[in-house]
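Asks: Sequence:
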Amino acid sequence: SFTIKDGFYVAEIPRKHISARELLEKELANCSLGKHISKSVKEGFEILEGEQVLELKEDGFRSFLNGWL
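According to the working numbering, the sequence shown is numbered sequentially starting from 1.
I should point out that these hints are in silico values taken from the structure, not numbers from a laboratory.
Do not take every clue at face value.
Pair ranges (Cβ atoms, derived) [as the list claims (entries may be wrong)]:
| hint | residue 1 | residue 2 | range |
| --- | --- | --- | --- |
| 1 | K39 | F64 | 35 to 43 Å |
| 2 | A29 | N66 | 24 to 32 Å |
| 3 | S63 | S19 | 26 to 34 Å |
All C-beta atoms in this analysis are idealised placements derived from N, C-alpha and C, irrespective of residue type, glycine included.
Please construct the entire structure, taking both the sequences and the accompanying hints into account.
Replies: Now the structure itself:
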């Protein structure tokens with residue numbers, strides 16, 4: 001539906017997934033990620049959020065993440 005809010009048109013469109021976590025949980029296994037990554041995803045994965053990421057102890061992965069910040 002369309003409405004006008006503060007002089008702007010606003011469209012309310014329901015999203016298929018309301019969070020990144022939900023999207024990853026439901027769709028990651030269906031993505032084309034390459035043979036090795038797809039195999040690992042099908043074997044299972046864990047999604048870390050917020051403080052959980054800070055608790056990682058693997059130096060290589062922490063360095064990798066630091067490159068994205």
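Asks: Which numbered hints are broken by the structure, listed smallest first?
Replies: 1
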